[in-house]
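Peer 1: Heads up: the sequence lines are chains R and C, in that order.
Going by the numbering used here, the first sequence opens with residue 1, and the numbers climb by one from there.
Going by the numbering used here, the second sequence opens with residue 1, and the numbers climb by one from there.
Calculated from the structure, these hints are not laboratory results.
Heads up, a few of these hints could be off.
To be verified - On the chain C side, residues computed to face chain R include the following (Cβ under 8 Å):
{"id": "1", "residue": "152"}
{"id": "2", "residue": "171"}
{"id": "3", "residue": "186"}
{"id": "4", "residue": "250"}
{"id": "5", "residue": "254"}
{"id": "6", "residue": "256"}
Stated by the list, open to error - Some chain R residues well away from chain C (every beta-carbon gap over 10 Å; in silico):
{"id": "7", "residue": "18"}
{"id": "8", "residue": "73"}
{"id": "9", "residue": "100"}
{"id": "10", "residue": "300"}
{"id": "11", "residue": "334"}
Small disclaimer: the values here were computed from a predicted structure and weren't measured.
We treat Cβ as the ideally placed atom computed from N, Cα and C, and that holds for glycine.
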Amino acid sequence: MPLETRGLYKTLGDFHLRDVNLTIKDSEYFIILGPSGAGKSILLETIAGIHSPDSGRIILDGTDITSWPARLRNIGMVYQDYMLFPHMNVEKNIGFGLKQLGRPSYEIEKATADIADLLGITHLLSRRPDTLSGGEQQRVAIARALVIKPRILLLDEPLSALDAITRRKMRNELAGIPSLTGVSVIHITHHVEDLISLGHRSAVMDGGTIVQTGKPDEIFSNPRTPFVAAFTGMENLFTGIAKDSHEGRIVQVGPVKIHAITRYNGQVQCGIRSEDIIFSREPLKSSARNVLKATVMKIRLMGSLAWVVVDCGITLTGVLTIKSMYDLKIDEGDTVFITFKASAVMVFPDGQNRDKTEDTETG
Amino acid sequence: MQNLKACTGSWFKSLLVLLSGVLILFFCLVFGGLVLWPDPQSLVSALTSEEILFSIQLSLFTAVTSTLLCATVALPVAYALSRYTFPAKEFMGLVISLPLSLPPLVAGIALLIFFGPSFFGDLLRLIGVDIVYTTAAIIVAQFFVNVPYLIRVMRSAFDSVHPRYEHVARTLGASEPAVFFQVSLPMSRQALLAGLTITWSKAMGEFGAVLMLAGATRMKTETLPIALFLNLSTGDLDFAIASATILLAISVGTLLVFEYWFGSKRMV
Numbered sequence: 001m002p003l004e005t006r007g008l009y010k011t012l013g014d015f016h017l018r019d020v021n022l023t024i025k026d027s028e029y030f031i032i033l034g035p036s037g038a039g040k041s042i043l044l045e046t047i048a049g050i051h052s053p054d055s056g057r058i059i060l061d062g063t064d065i066t067s068w069p070a071r072l073r074n075i076g077m078v079y080q081d082y083m084l085f086p087h088m089n090v091e092k093n094i095g096f097g098l099k100q101l102g103r104p105s106y107e108i109e110k111a112t113a114d115i116a117d118l119l120g121i122t123h124l125l126s127r128r129p130d131t132l133s134g135g136e137q138q139r140v141a142i143a144r145a146l147v148i149k150p151r152i153l154l155l156d157e158p159l160s161a162l163d164a165i166t167r168r169k170m171r172n173e174l175a176g177i178p179s180l181t182g183v184s185v186i187h188i189t190h191h192v193e194d195l196i197s198l199g200h201r202s203a204v205m206d207g208g209t210i211v212q213t214g215k216p217d218e219i220f221s222n223p224r225t226p227f228v229a230a231f232t233g234m235e236n237l238f239t240g241i242a243k244d245s246h247e248g249r250i251v252q253v254g255p256v257k258i259h260a261i262t263r264y265n266g267q268v269q270c271g272i273r274s275e276d277i278i279f280s281r282e283p284l285k286s287s288a289r290n291v292l293k294a295t296v297m298k299i300r301l302m303g304s305l306a307w308v309v310v311d312c313g314i315t316l317t318g319v320l321t322i323k324s325m326y327d328l329k330i331d332e333g334d335t336v337f338i339t340f341k342a343s344a345v346m347v348f349p350d351g352q353n354r355d356k357t358e359d360t361e362t363g
Numbered sequence: 001m002q003n004l005k006a007c008t009g010s011w012f013k014s015l016l017v018l019l020s021g022v023l024i025l026f027f028c029l030v031f032g033g034l035v036l037w038p039d040p041q042s043l044v045s046a047l048t049s050e051e052i053l054f055s056i057q058l059s060l061f062t063a064v065t066s067t068l069l070c071a072t073v074a075l076p077v078a079y080a081l082s083r084y085t086f087p088a089k090e091f092m093g094l095v096i097s098l099p100l101s102l103p104p105l106v107a108g109i110a111l112l113i114f115f116g117p118s119f120f121g122d123l124l125r126l127i128g129v130d131i132v133y134t135t136a137a138i139i140v141a142q143f144f145v146n147v148p149y150l151i152r153v154m155r156s157a158f159d160s161v162h163p164r165y166e167h168v169a170r171t172l173g174a175s176e177p178a179v180f181f182q183v184s185l186p187m188s189r190q191a192l193l194a195g196l197t198i199t200w201s202k203a204m205g206e207f208g209a210v211l212m213l214a215g216a217t218r219m220k221t222e223t224l225p226i227a228l229f230l231n232l233s234t235g236d237l238d239f240a241i242a243s244a245t246i247l248l249a250i251s252v253g254t255l256l257v258f259e260y261w262f263g264s265k266r267m268v
């Protein structure tokens with residue numbers, strides 16, 4: 001268990017950390033997902049030792065390092081805009097950490113050459129940072145952090161400043177760092193795609209606190225709060241009243257009764273993923289409990305997918321492939337049927353009654 | 001109508017450009033007239049006279065010394081003001097900037113009282129230090145007037161170095177002095193060179209504060225501006241103009257250095 005934070009609190013200007021508890025395992029790629037302003041950067045900087053927490057503890061390999069200065073922690077940091085020292089060439093940038101440790105120059109040269117080789121930047125060693133592309137700068141920044149063999153590597157939005165192609169490529173390279181070097185990586189991001197393609201485990205952060213921790217697919221399939229659901233791309237979120245009826249458990253959303261599996265009563269929020277909504281021309285005969293007649297209001301085409309906004313008393317967004325949309329001959333203004341399972345409806349308790357019932361909910 | 005508008009526009013532009021031209025012409029006539037006033041032979045002999053050579057040497061020595069002193073003090077103070085929060089920081093910033101807006105004469109007389117008849121001056125004389133009317137006084141006066149300026153320049157230079165560079169350096173094992181000497185200071189090198197150039201040039205030309213604290217003694221505390229003042233009051237116009245010419249040349253030189261080395265990043 002290399003890194004653990006226990007009950008971290010920190011206030012810095014408008015940003016806050018509130019009771020942050022995290023455990024990072026050996027050689028793990030851990031993603032922290034959250035919107036801008038959630039306190040992700042402060043969390044990283046507190047772990048790195050740039051800020052000291054107002055309260056709480058940071059434990060690295062069983063040692064309490066809360067009061068240690070950054071330079072003794074052996075935790076590497078790579079910022080979104082890399083922060084390569086502009087007055088040094090790439091080789092000097094990478095060797096900076098070993099120079100601070102007072103290593104002899106032949107050793108620095110060799111270690112720099114090795115890490116440059118590993119990251120494929122040997123040809124850049126004599127260049128100055130301002131002549132490098134974004135992807136190259138990032139590799140240099142990672143090399144600079146890895147050359148001192150840190151226990152943990154912290155990555156602050158490492159892919160946000162890159163173009164789409166470089167981002168995809170770097171994502172693969174980043175994913176290889178733990179297995180290649182044995183270093184655990186904490187990567188903060190506001191891009192859901194990073195979570196899908198990179199994380200072993202992950203945490204979702206909002207308002208300075210961790211709202212959910214788990215494997216990426218758990219977070220997708222079983223978001224614990226409406227915020228996590230919305231942030232992981234759930235398009236359809238409603239407020240309704242959960243109750244019993246002669247047809248079983250339902251959530252009344254405006255004029256529409258939605259069958260759902262839930263133990264909550266009273267005011268709730270519920271969400272339906274767009275991909276769980278099935279479109280048809282005639283009512284489907286299936287075990288799915290929710291079949292609604294709807295009018296197509298708007299169709300957005302994106303790549304090979306069609307996002308279809310329908311009105312069935314409430315506004316829902318579904319998604320299907322462009323091919324099946326043409327097969328079904330769906331057009332704006334048409335009347336269609338939409339079908340989704342009761343188990344596809346995720347129900348979250350509303351703020352007021354969350355505490356009482358949270359533990360019993362399974363979605 | 002459109003034609004008239006275009007016509008009005010160009011008429012207005014011409015007037016502004018003409019006005020600028022007249023001003024430039026006036027400047028050139030004034031400065032050119034100064035240099036060309038004495039006949040060249042007497043200007044050269046004044047420039048090579050013992051008195052002017054002494055002034056040049058004294059000015060160079062005091063200005064270089066006071067500039068180095070300024071750097072020694074301004075760098076740490078500017079870094080502290082830029083990076084750290086501590087009690088009364090705002091107030092300190094104000095006090096440090098005060099000599100900037102103060103007439104140098106006032107700074108000079110304040111220094112004279114401080115090092116002269118005040119308790120502190122008595123104390124210094126007790127241990128055998130009496131700087132009033134000496135070369136040391138010239139250096140102290142130049143330092144006092146110029147150090148706030150250099151602090152300003154360096155503070156804004158340090159402010160423009162993103163703290164994240166320093167954060168990264170710390171995570172890479174750099175101690176606080178290492179962060180300063182290997183990251184913050186080299187990243188502010190441009191501003192430092194520019195600031196030192198201007199500080200030196202201002203020190204070469206400092207008159208009011210030097211006059212008050214060091215006096216105007218021929219061949220003793222006679223820097224170039226003092227030489228100008230002394231020779232003008234005794235009617236030796238050639239000598240006065242000789243030192244003025246040198247000061248003018250230094251200003252032109254500084255300006256050129258500034259425009260061509262640091263032209264893209266004007267910070268003062």
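Peer 1: Name the hints, by number, that the structure is in violation of.
Peer 2: 1, 4, 5, 6, 8 and 9
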